[in-house]
Amino acid sequence: MFSLALANIRMYSRRFIAVTLAVMIGTAFLAATLMVNASTTASLERSIGEAYQNADLVAGISPDETDDSVGLGPEQLTAVRQAPGVAAAEAQSSAGARIETGSGDYNAIVQSYGSDEQLRTTKLDSGAVPAGREEITVDDQHAKTYHLKVGDEVGMSGSSADGSTVDFTARISGITTSSNSPFMGSNLQVTVSPQRYSTLIGSDPQYQSLLVRLDDGTDPAEATSAVTAALKSAGVPQASVMTAQERTVEDLAGFTGGQDQLTGVLLVFALIALVVTGLVVMNTFAVLVAQRTRELALLRTLGALSSQLRRSVLVEALVVGLVSSVLGVLLAIGVMAGLVGYVSTLPSASFAVLAVPPGAIIAGLLAGTVMTLFAAWAPARKAMSVAPLAALRPAENATVHNRVGKVRLVFGALLLLGGGGLLIAGAVLGLLLVGFAGGLFSFIGVLMLASLFLPGAVRGVGRLIGGSSVPAKLASLNSVRNPGRTTATATALLIGVTLVSMMMVGAQTTKQSFNDELARNYLVDVTVASPASYGEGFDGGAQPGPDAAPGVGQLGTEQAKLAAGVDSIEEVALLKPVGRNAAGEPVYAATAEQLARVLKDPSLVPGTGEVLVGQSTTSDDVEVTAFEGSTASSLATKHSQSEISAPLMSLETAQQLDGYTTGASAARAAAEAGPDQVGAYPLLWLKAANGLSTDQLQELSSTLAAELHVQDYQVAGGALERSLFNQVIDTLLLVVSGLLAVAVFIALIGVANTLSLSVLERTRESALLRALGLTRGQLRSMLALEAVLIAGVAAALGIVLGTAYGALGAQSALGAFTDVTLSLPWAQLALVLGVSVAAALAASVLPSRRAALLSPVEGLATE
Amino acid sequence: MTITNTPTTTQAVSARGLTKVYGSGSTAVHALAGVDIGFTAGRFTAIMGPSGSGKSTLMHCLAGLDSATSGSITIAGQEITSMNDNELTRLRREKIGFVFQSFNLVPTLDAEQNILLPLQLAGKKHDAAWLATVVDTLGLGDRLGHKPHELSGGQQQRVAVARALLTRPAVVFGDEPTGNLDSRTGAEVLSLLRSSVREMGQTIIMVTHDPAAAGYADEVVLMRDGELVGHLPDPTPEAVTSALAGLGA
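In order, the protein sequence lines correspond to chains P and A.
Just so we're aligned, residue 1 is where the first sequence starts under my numbering, counting upward by one.
Just so we're aligned, residue 1 is where the second sequence starts under my numbering, counting upward by one.
Calculated directly from the structure, the hints in this document are not laboratory data.
Keep in mind that a hint or two might mislead.
Said to hold, decoys possible - Only part of the chain A face toward chain P is listed, based on derived beta-carbon distances under 10 Å: (1) N86; (2) L117; (3) L121.
Stated by the list, open to error - With a straight-line Cα cutoff of 20 Å, these simulated EDC-like cross-link-like pairs (lysine to aspartate or glutamate) come out: (4) K147/A <-> D64/P; (5) K600/P <-> E610/P; (6) K232/P <-> D64/P; (7) K232/P <-> E75/P; (8) K147/A <-> E610/P; (9) K124/A <-> E112/A.
Said to hold, decoys possible - Where chain A lies over chain P, by a calculated footprint (3+ residues, C-beta under 8 Å): (10) 477-488; (11) 766-778; (12) 849-857.
Quick caveat, the model's predicted, so the values are computed rather than measured.
Just so you know, even glycine gets a beta-carbon here, dropped at the ideal spot from N, CA and C.
Please build the complete structure, drawing on both the sequences and the hints.
Take a look at the structure:
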């Protein structure tokens, strides 16, 4: 029977191409997912290990230590240095600082340039070691990005834990190799001399860990206990001393938590791809067995046991599954090697390495093979039930009737109803987990019941579009000729399309809901805050406005004019602090006319005697005192959904406040905060042009910052938040759709496969139709229509289902936080339908070509 | 007289110098080695010969199902060897009817749909009275709504005959039309074919190796090794058997 199975594979090798492709892609997806995890871990290990590369031992505080006052400081470092067997020890420590280069202000991680050459983790590329208090080194990648070179002078400022601040002009003495450590983030990497470092870290420095180098020939185990003992005597009862290797592994564990989630998510997608693959495989084997009914019956007549026939089919599945899985794993390795190769050329990820864990290979091979065997099980059982007499009867070409198991029906209906109920409950109550479980159960229910409604839907749609044309009528009849096969083919596509549409509708609805929420929260498109906290260091770049205190860097009418001159800025309002409310918060004012122009909702302009407040204020009136006034005025509140904390009134109202002035003394009074008060500085509120893209808004933001000489972070507002948020959602949607596209692609291979097998099965029928007067074109259009019917109906149903899931899912995920506005991405959904139909048409090209080229005489001669 | 070297307009189908060669060079097989033949309209002709004599190939070429290597074929006054596939297809559905040995019907369509298939493919309306006549003559009135797998072998062949007659074709080709039927059912189908010639003036060309079937024809054409080797007017089964024996079959 084994030789028979192999002979079958050889003989019908063309029929296995599609199924091999499908299994290969599904397996490759799974294996690649596991390799992504292993490769990221390996790359991280490599980059984390860099920090400990030369150390023999790493000492730290045990995570079990509960006393917060226990730490590693200079005292402990000295104790470790004096421990027996220790050649050298260095503190691993870093401090934060800001570096001002003249063109920008950047965060930096500062380390001390170590004295022990071997324990030093930074390598000098060019220039000299930082000497004295005024010299620093920077890393080469950031030096390149920020155009820094040896000899340049930069401003460096920072504050240590004990509250002392440092602000000085530093000279760059050298350039170091950039570290890949993930602990560094994207910060500028700076080293300074130990003297300077001590001013940055403060009088009571706390080190992250101590790097220890041992004398040659010292036993690490003995040294470990010696260092532990030294630390204990220095006041650290629970030290954790381990080798550099052990420490790397431990640090890694802290980092990979998030990655396991990523792997989990990817595995879900791989699983979806495998389920779809399973459906395709099942279809293929069902057809292969059906085609060989007479051959199998002949074998039965000649004395083959039914179990031998079943085994023969399973051996075929085993060989096909194994070969496809091997190809799939190889494909995964190839793709991953290419990806890692590309990533490692990026400067920030040069440490990326490919890791191919044995687990990924085994899991890939096992999943691919077992899935193929599993999918072939039902067809193999059918092969077993072939009666010997079947060989003697003419081939049966009648419509195949599939029975739907009663158990499956009941279970499917229960899952659908129960899951649907949970889903709706989750949406109504805003419970994501309930909604998720409901969605999952109901979708499984839908799939179990698919054979009830899919063939019917295909038949109905076929009848609708079929009309009186014979090819169309035949196509719609043929597409449901074998309801079981139609169901499996359409189900494979239904899964992918449902999930893709769900993501699209969910993303669009989320975006719409958040945009509405942001529109309520943000009264204006863009706000610019005064850079007043930078005090004297601020260079306004323009004469302060007449209303601003001289010498104090605040926004004024000059800046308002500058902002109005920026492209895409349509309206500008200058908000000046005019007083404080009872809680000490500054109260702002601008002319009602200006406010009406910049506010997104003009009805929110506070009238005379009114104060506009955010959602946190619920009272009906508010007490406001002008900066130089003595009597508080009680004003009515006008409520908004905004989260702004600063109350706002019109200038007309402000002028009626007791003691209102616009002089410099008032500005000073505003800037000087009283006890428990914050300083109050003018703000600019801007209205941006409509319909700007994310990139345009980002550019607008930096242009504003540059023009007004403020920092990027001082420019904010609803428009920016919205575009950033939309960008995040769009990127996520793109990634998820890309992952689901694999499943859709496999399903479309299935459509092509089903069609080409049907064509093979119907060779004689096609020949008869050709003899009776069906032209080649009509035959081709008949097969194309068959494919389009199955794929189109599956895609349309998937879109409807996906829309329902997406809307209910968004409601359960967001309902608790905000009002959800259902919004359908019509263009995207139409694209999904279009792509499915177009791909089905493409899938029909090869099979229908083969069918049309066959001459009627040859076709009629085949059995 | 049906065998003639000068095809005339009274002939439904005629062929001149028809050859069909499979392969080339030393392995070439001449399935048809220069056949000249004409079939008079309104006659029932049987083509007979031993296996490999080329009788099926002749039929396939005459019906435009297969292309001849050389020679010319005329059906209802139209030269068909120069036609492309679409023209041939149109010719088949309008001028030719077929009754095959087995697998005559499209399994997804019921009997009536199968009968109407060629007309619907051509986008033409059927003549309801003619359909009623044909269905009535063939005794299919209560079977029209049945799918092929619900019909007996004889009923399936009668549906195929009805389909072939409905277009009033220039010629009906039968390829062993009774090969799969028992003798009584076969006799019924053959009688129907013969009466369609007698009563409706239909032209029928049938390939068979059964002398009893050939006995229903107006005349028998004998073939051997791709050539015409004789003909029997008004054949009886006995005369056919002895003629075949004379061919060394």
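For a quick check of understanding: which of the numbered hints are violated here, in increasing order? Hints 4 and 8 are the ones this structure does not satisfy, whereas the remaining hints hold.
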